[in-house]
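Turn these sequences into a full structure, and let the hints steer you where they fit.
Listed below are the residues making up each chain.
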Amino acid sequence: MTISRRVFVKAGGLALVSLGLDPLFLARAAYAAGRPAVRPSGRPVLVCLFQRGAVDGLNMIVPHGESAYYQERPRIAVPRETIVDLDGHFGLHPSLAPLKALWENKSLAAIHAIGSPDGTRSHFDAQDYMETGTPGVKSTGDGWANRYCQHDREHADTPFRAVAFGPQLPRILAGSAPSLAIDDLQAFGMRAPQEATRDRLTRAFEELYDGAGTGLLASSSREGFEAVQMLKQADPTQYRPANGADYPPGRLGRTLLQIAQLIKSDVGLEIAFADCSGWDTHVNQGSNEGQLAARLRELGGALAAFNQDLGERMRDVVVLTMSEFGRTIRENGNSGTDHGHATAMMMLGGPVNGGRVLGRWPGLGMEQRFEGRDVAVTTDFRDLFGEILTRHLGATGLDAVFPGYAPAPGRFVGAIRT
Amino acid sequence: MHFIVLFALAVQMPSAAHALTPRDSAFHALNRLAYGARPGEADSVARNGVMRWIERQLDPDHIDDSQLAERERQFKILDYDRADLAQRFQEARRERQRTQREGPHPLTPSPAGEGERKPMREFRELGGELQQLAVVRAAISERQLREVMVDFWTNHFNVFVGKGADRFLLPSYIEETIRPRVLGRFEDLLIATAQSPAMLFYLDNAQSVAPGSAPPQRQLLLRRQRFGMNEPPGDRRRRQPTGINENYARELLELHTLGVDGGYTQQDIIEVARIFTGWSIERPERGAGFVFHDWAHDGGTKHVFGLTVHGAGEDEGIRLLKFLAMQPATIHHVSAKLCARFVADEPPDGCIDAAVGAWQRTHGDIRAVLRAIFTSPDFWSAQAVRTKVKTPFEFVVSAVRAAGVEPDNTPQLAQLVARLGEPLYQQPAPTGYAETESHWVNSGALLARMNAAVMIAKECSSIAPTEDHSQLVDAIDQKLLAGTMSAHTRSVILEQLNDLNDPEQARALAVGLALGGPDFQRQ
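These protein sequence lines are chains H and Z, in that order.
Number 326 in numbering that gives the first Met the number 0 belongs to position 327 of the first sequence; there are no gaps in the numbering.
Number 70 in numbering that gives the first Met the number 0 belongs to position 71 of the second sequence; there are no gaps in the numbering.
Simulated from the structure, these hints should not be mistaken for laboratory data.
Hints may contain errors.
When the alpha-carbon atoms are kept at most 20 angstroms apart in a straight line, the in silico EDC-like pairs for lysine to aspartate or glutamate are as follows [to be verified]: (1) Lys-336(Z) x Asp-364(Z); (2) Lys-457(Z) x Asp-198(H); (3) Lys-162(Z) x Asp-379(H); (4) Lys-75(Z) x Glu-186(Z); (5) Lys-162(Z) x Asp-274(H); (6) Lys-457(Z) x Glu-194(H); (7) Lys-231(H) x Asp-183(H); (8) Lys-162(Z) x Asp-198(H).
No experiment lies behind these values; they were computed from the predicted model shown.
The following block contains the structure:
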C-alpha cells in the first residue's frame, strides 16, 4: 500500500511516532485527505440486491422455449400464457410485469446461467464466496466491494461511499475501506426522541472525540459526525418519492426508497447494498401465483418504483440482483425445488445494455446439466462483477479485487454499454 | 509452591511496572484479564496485590461463583442437551413446512416475523438466550479470566450458528467442548473441537469420506439394485458424500494451528484431509455425537510433515492433532494471537517469546502460557496500558459492569453487541472475529457505541445523582474509569451539564458521555 507524502504531513509526524505505524489508521487518513466541498451528481452508482436463500432463476427468468422446463416441473412451471415474453425463448415471471417497460426501453437485462465455479450447495458457503469474490477460499477476510474501495481511491471523499442497508455490515463490504451499515436513514446518528437532545448528544460526543487526538477512534468519529451532518442537511424525514413512484410496503420497498434518497441527496454514494430474503422455496413454491410469485411481486414492484422515483438519475445507476445459487431443474416431492447451481441475475439502469438475456444459455437437456440435475454455470459471477466495476464504476485494476482470478474483458458478457 | 510463584512475580514486576501506581496496575489487569473493573474493584485488587489477584484468576476452580450459578439456573437453554435441541428444531421446521404446504399467503410476503409459527419462534428465542447467557456470564462471573478465555477460544475455534445443524449443535459446543477446557492443555482443546459435532458439521468433515467408500447399508442397497430392486428416487442418493472434503483440514492448519504462514502446502492439506476421513457425526439431524466410520476412512498411507501415517484408523487423527499442537509454527501463531488479545494489537516479540517458552516447557499448558504473558514486561509497559480499543463485546460488558447494571435474561444486551458489529456466534467465516481494532472501529460502529452508552447509562446504579456537577464527574471518574478520565473529557462533560438542573438527567447524560467517550473505549 502506498501512502502519499501529503497524508504524512496532514496526519502529523508526532502521531506516527507515538502510535507506531498503524497501517489502517494511515489508510483511513489517506481516504480522508483532500475531500472536496461539493460532490458532483452524475457519479456512477451501483446498487446490489442480494436475494438470500437462492432464488429459482428458472421461475424468475423463465426459459419457456425449452420443453424440458415444462416436463420437469409439472406442478410449479409458470404457464406459458401467463409469462411476460421477452425474446420468444425467455420470459419474465408474471409478478415482474412492472419491469417489462424497462426491457422495452433497453434499460433492463437478465443474465442467465451465472454462478460460482465452486459446486457447493450450502447457502452459507455459497453466499460467502459470492461476497468475498473468492469461490472455494473460506478464509478471505474482506468482501470484493470493499476491496474495490480499498484500491480505487478516486471517490474516497465521503463517508457515504459504500453503504449497506441493515443492522450489520455484510461480508461483501467488510474490510479496511470505510463503509457504513445503516439500518434506518432517519435514525442514523444519535438516537433520542427530541431533536434538542439529539443535537446536544451529537455536539457533546463530537467534542469529546475531537480531543481524542489522532488514531482510528478519532478519524472514525470525525467520519461519523461528518456523515450525520451531511444527512441532516439532506433531511431524510422530508423525503417524498418523485414521479408518483409507489414503493410496495415491507422492508425491501423501504430500503430501496432510502437508497433513492441517498442517491438524490448527493452525499457521494457509490455502492449500496441490501438484502432481501425468502427465496429458499423447498416447499410449495407455487407457479404464476403462490409463495415465489409473492416474493417476486414485491421485488418487481420495488424495482419499478425505484426506477420511477429516480427518473433521470437512473442514467448513472446500475441495479444488480444476485443470489448464491439456483435451484434444481426438476421440482421435488413437496412442490418446491432444492439447492441447485447456476441462477439468473437482473440488471437495470441507464448504463445497462438492456433488452437482452445475456450470457450463454447451456440448455436444460440431461447432458447439458451440472451433475445431471442443475443448470450449468456458463458465466463466472466474477466476470459480471468485474465488468460492472470496470465499465460502470471505472475500476482500473481487478487483480486486487478478485485475487487469483482477475476477470478479463474477453469474458465479459457485455452487460454495460460501452 | 504458591509462595514461590508469587515471589518470582514480585521480583519481575518493579522493573517493568515502574510508571504504574498499584491502582493503575490493578485497573490494567482488570481491563485485560477481566471485563473491566466494577466500581471500587481497582482499589480492592490493588490493596490485596494485583499479582495475587492474577494468580487467583488463573486458578478459577477455587473462586466461589455461586451468584453466577444461581443466575444460570434461569436460563432454559442449559436444561436442554444436543438431542433435545435437535428435536425441538426439527419439530419447529416440520411445523413451518406444514403451514407452508397448507397454502401460500400471497398477501403477506414477509418470510419471517409476523407469520412465523410458535415452535420456530421459541427455538429462535432459545438462540437469543444463548447469546444473552454469554453476556451475563461475562458480566457477573467472579471467574473473569475464565470467561475471557471462553470468548477467546470460542472465537479461535469459530463455529457459525447459522449454518444448518449448528443451530442446535452450538450450545453443547460452548458448554461441553469449549468451557471445560479453556485453561487446560491446548492439545486437549484441539482434539475436543476436532471431535465436536458442531465443528465436524461447520467445516464439513462429517461428510469427508475416502473416494469410492460407501456405508454398509448402502452397499446392501447397491447389491439389491443389481438384483432388480429399485431404489426410491429422490434425495437419498445425492446426500451420500462421495469423496474427501478439505475444508476442515485447511482451516485446521491455517487457523487453528500452524497459521497462514505455517509452511504447509496444498498436498499437506489433502494428506491431512485423508487422515480425517471417517471422522463424522452419528446422526447430525438428531444431535448425536462424534463417530468414527471405519468404512469411510482412507486406509492408504499418508505422508505429511515428515510423518508416515497408515493403518491406525481414528488414532491417526489424534496423533496428528497432538503433533500439530507442539509444532513451533502453531506455538508461535497461537501465542502471538493470545498476546494480541492481552497485550497489544501488534504484540512485541518479548511477550510472544515468553509465551512460546512456557508452551514448550509445559507441553502447551494454557495457564502457564498466560502466566508468562502476564508476567512479561511487555504486558505492563506504557505502550500496552490503555492502548487497546475494546471489542464490541468487551465494551458492552465492561459498561454494564462499571454502571452496575443488572443484566437480565432478555436478549437486549446481546443485541447491543450485535449492533456494534460483532454479533455473538454469528461470524460466518472460520477466521472468527479479528483481534485488531481496525475491524471493529469504524464510523457507523462508533456512533452505535455512543448510542449504546446512552442506553446503558439510563440504568446506571453505581453513581448517585447529585446537584453538584463537579462531584458527579469526580464520582464517574473514580467509579467508571478508576481515575483515568482525561482533562478534556472532564471539561466537555461539565460544560454539557451546565444548564441541567435535574440531578437524574445530569447523571444520565454525564454517565452516557463518559461511557460513550474515548476514555472508556480504551483498555
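Please work out if Lys-336(Z) and Asp-364(Z) have their alpha carbons no farther apart than 20 angstroms. holds, 16 angstroms
Within 20 angstroms, alpha carbon to alpha carbon, are Lys-162(Z) and Asp-274(H)? holds, 18 angstroms
Is Lys-162(Z) within 20 angstroms of Asp-198(H), Cα to Cα? violated, 42 angstroms
Hint check: Lys-162(Z) vs Asp-379(H), CA-CA at most 20 angstroms. Holds or violated? violated, 25 angstroms
Between Lys-231(H) and Asp-183(H), does the CA-CA distance stay at or below 20 angstroms? Given pair Lys-231(H), Asp-183(H) holds - Cα atoms ~14 angstroms apart, limit 20 angstroms.
Restraint check for Lys-457(Z) with Glu-194(H), where alpha carbons must lie at most 20 angstroms apart: holds, 18 angstroms
For the pair supplied as a hint, Lys-75(Z) and Glu-186(Z), confirm whether the alpha-carbon distance does not exceed 20 angstroms. violated, 32 angstroms
Holds or violated: Lys-457(Z) and Asp-198(H), Cα atoms, limit 20 angstroms. Holds, because 18 angstroms separates the two Cα atoms, which is no more than 20 angstroms.
Of the numbered hints listed earlier, those contradicted by the structure are 3, 4 and 8.
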